[in-house]
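Kindly generate the complete structure, drawing on both the sequences and the hints.
Those protein sequence lines, which keep their order, are chains A and B.
Read the first sequence against our numbering and you will find it ends at 347, with the numbers running on by one and no gaps.
Read the second sequence against our numbering and you will find it ends at 347, with the numbers running on by one and no gaps.
Hints are supplied without guarantee of correctness; some may be wrong.
Each pair may be met inside one copy or between any two copies, as identical chains are not told apart.
[What the hints assert, rightly or not] Each computed DSBU-like pair below joins lysine-lysine, with the alpha-carbon atoms no more than 30 Å apart:
| no. | residue 1 | residue 2 |
| --- | --- | --- |
| 1 | Lys212 | Lys139 |
| 2 | Lys266 | Lys144 |
| 3 | Lys139 | Lys216 |
| 4 | Lys266 | Lys139 |
| 5 | Lys241 | Lys217 |
| 6 | Lys217 | Lys139 |
| 7 | Lys139 | Lys69 |
Simulated from the structure, these hints should not be mistaken for lab results.
Each chain is listed here by its residues.
2 protein chains.
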Amino acid sequence: MRFGLFGGASRGAGQDGDSQSYRAFIDYVVEAERLGFESVFLVEHHFTGTGQLSASLTLLSYLAGLTKTMRLGTAVTVMPWHNPVLLAEQAATVDLVSNGRLDFGVGRGYRPNEFHGFRVDPGEAQARYEEALELVLKCWTTKERFSFDGHFWHFRDVIVEPHPAQAPNPPIWIAAGSEGSIRQAARRGQHVLLDQFGTIEQTAARVAWYKDEQKKCGRTSQAGEIAVTRGLLLVDQEEKRATEIDRRLAAIAFLSATSQIPGTKAEGPTKFGSSTLDTSRGAAEASTIVGQPEECIRRIRELEAAGVDYILFNDPWGGVERLRHFARAVMPEFLAPAKSGVAMAG
Amino acid sequence: MRFGLFGGASRGAGQDGDSQSYRAFIDYVVEAERLGFESVFLVEHHFTGTGQLSASLTLLSYLAGLTKTMRLGTAVTVMPWHNPVLLAEQAATVDLVSNGRLDFGVGRGYRPNEFHGFRVDPGEAQARYEEALELVLKCWTTKERFSFDGHFWHFRDVIVEPHPAQAPNPPIWIAAGSEGSIRQAARRGQHVLLDQFGTIEQTAARVAWYKDEQKKCGRTSQAGEIAVTRGLLLVDQEEKRATEIDRRLAAIAFLSATSQIPGTKAEGPTKFGSSTLDTSRGAAEASTIVGQPEECIRRIRELEAAGVDYILFNDPWGGVERLRHFARAVMPEFLAPAKSGVAMAG
Chain A
2 MRFGLFGGAS
12 RGAGQDGDSQ
22 SYRAFIDYVV
32 EAERLGFESV
42 FLVEHHFTGT
52 GQLSASLTLL
62 SYLAGLTKTM
72 RLGTAVTVMP
82 WHNPVLLAEQ
92 AATVDLVSNG
102 RLDFGVGRGY
112 RPNEFHGFRV
122 DPGEAQARYE
132 EALELVLKCW
142 TTKERFSFDG
152 HFWHFRDVIV
162 EPHPAQAPNP
172 PIWIAAGSEG
182 SIRQAARRGQ
192 HVLLDQFGTI
202 EQTAARVAWY
212 KDEQKKCGRT
222 SQAGEIAVTR
232 GLLLVDQEEK
242 RATEIDRRLA
252 AIAFLSATSQ
262 IPGTKAEGPT
272 KFGSSTLDTS
282 RGAAEASTIV
292 GQPEECIRRI
302 RELEAAGVDY
312 ILFNDPWGGV
322 ERLRHFARAV
332 MPEFLAPAKS
342 GVAMAG
Chain B
2 MRFGLFGGAS
12 RGAGQDGDSQ
22 SYRAFIDYVV
32 EAERLGFESV
42 FLVEHHFTGT
52 GQLSASLTLL
62 SYLAGLTKTM
72 RLGTAVTVMP
82 WHNPVLLAEQ
92 AATVDLVSNG
102 RLDFGVGRGY
112 RPNEFHGFRV
122 DPGEAQARYE
132 EALELVLKCW
142 TTKERFSFDG
152 HFWHFRDVIV
162 EPHPAQAPNP
172 PIWIAAGSEG
182 SIRQAARRGQ
192 HVLLDQFGTI
202 EQTAARVAWY
212 KDEQKKCGRT
222 SQAGEIAVTR
232 GLLLVDQEEK
242 RATEIDRRLA
252 AIAFLSATSQ
262 IPGTKAEGPT
272 KFGSSTLDTS
282 RGAAEASTIV
292 GQPEECIRRI
302 RELEAAGVDY
312 ILFNDPWGGV
322 ERLRHFARAV
332 MPEFLAPAKS
342 GVAMAG
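In structure tokens, the structure reads:
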């Protein structure tokens, strides 16, 4: 089992400037590497008014200088906002300075306020995403000059440099949930990010679709190709459990509100990426790594039994203290295969 | 007198990958800080096929983690290529992670191959530049939501975050040469980058225009508001002098060629930014810091007498060895005012 982080800086209570929240987040990531977390996947969001992380690749480049082994991911870079050539250059630069540690997560965008702010038609999101991803890959893997005439972008006689350190390109991660999109990712050799809200059963089905499709097209399954994001609500006392769930529900409601066009409310059920979000207490209970260490271990074992070998934790408020607690009380169960083998034999 | 660096990574002889050239450049910058250079200003170029630096802000963010005191500049960010909102977010992020060390140099672009590659009409460069700079500043200094309807860009109900660490915004540096543009920069409170090719007389006039305009509009002149870029051709033996000039002339000719639209040659005299470039040997002699230490010191004194207090050195091949030589044999003359005062008194 591998563990990583999923999230980004944003102003919390008691932080009145972006500088303070970014610094706290940076310290958190650096400490996570020391504790054994293998990656950080940064979100990209815009226009929330909460000092959210917007320039993920810029921050990853900074983190590349402060970390040694950690994979540096985006989850996800929203393709419709970016000029694909500039994006290819920026991401390749992160890959170079990190000695090939970039995991490039891509998506089409889903937040109404971002489409509204950037004046991009949500109806074009899929086409813009496809065209931009095709072009980024072309930039990374083409050593001669080329011209590109797409529906949205046009370039003439360009050679786009630098090229990334990882050949032919950094792993592409797709946020996916439906059977069609997961099977397509497997066929294309892309990695998959599964959302924070899927149940164990949904997650098991998604992992199975991916592996089945790999088999069908003759690809060998590797470790760490599918990462499941989960809220981390580890507590040291059972009394704190309910408060953590409350806080998570409030955070989700707040996130959902900041995703709407200013002055409007969500229409219909809340969407989170491609998933329809169950905002009930039961759903939060079911889809988080919550509780005291024994319970968290049991929940991670359930994911493991569902075929999961990589979990990205999202925890916007527990800070380094919760990471340390996790590293001390939960992680050793999963990171020492020899010990685990002995335990099983015993 | 302050000294900084001006330039960027690119594949040199013996380097067959971008990774190697970026690493060498990074080591060079880190060593420069140790030696007492106060800044690095990175170029932004595209489509040369020489592995040039394209994502300057991304690389500056990485350098922010490896340096402590050095100012981190762009020279220049070419505004017409960038979405101003994404650019504001990226530059503010660099400013945050570096604890307020960003110097934001901006320009309208001048290379025919870049306008051709990005399919931007050079006739729109000035208008695109003005609109984008206005919008970046609005993003950085506006704490409420706003909409923007320019000629080229449209945004709706956005609040752009993070905000930079430097209030109200990082210094804006303008590459300028004409009297009109230099006086305008002084009126606007912008800093000025002077080119590598101006003579002492031109440089003196430009500094004088800036200071005169500051006086006229009641601004107090500060140290380090005007930086002059110069080729650094310091040598340890007089015999090496001619080779260095040859190499610089060849490098300028190569740069000029890679700036053209592929398959075409420059029409008329070579332009370098807003300057018409004198590519003669005499001009290279006159406008570089060339020769053995005593000569370099004399040439820097001439600039000092012309009102210059900040020089950015460009040296694409001398590497850390030349920087160390400079720090040992030239820099002490200028960085120790007490000693220099004693020498003058003597």
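ask   = Can you tell me if Lys139 and Lys216 fall within 30 Å by alpha carbon in one copy, between copies, both or neither?
value = Intra 27 Å, inter 53 Å, cutoff 30 Å: intra-copy only.
query = Between Lys241 and Lys217, at a C-alpha cutoff of 30 Å, which is it: within one copy, between copies, both, or neither?
reply = Close neither inside one copy (47 Å) nor across copies (65 Å); limit 30 Å.
task = Give the relationship of Lys139 and Lys69 under a CA distance limit of 30 Å: within one copy only, between copies only, both, or neither.
result = within (29 Å within a copy, 37 Å between copies)
message = Reference check for the pair Lys212 and Lys139, CA-CA at most 30 Å: within, between, both, or neither?
response = within (27 Å within a copy, 49 Å between copies)
query = Is the C-alpha distance from Lys217 to Lys139 at most 30 Å within one copy, between copies, in both cases, or in neither?
reply = Result: close within a single copy only, 26 Å intra versus 53 Å inter.
query = Checking Lys266 and Lys144: alpha-carbon separation at most 30 Å within a copy, between copies, both or neither?
reply = For Lys266 and Lys144, the Cα distance is within 30 Å only across copies (22 Å; inside one copy 48 Å).
query = Are the CA atoms of Lys266 and Lys139 at most 30 Å apart within a copy, between copies, both, or neither?
reply = between (40 Å within a copy, 27 Å between copies)
When the structure is compared with the earlier hints, a violation turns up for hint 5 alone.
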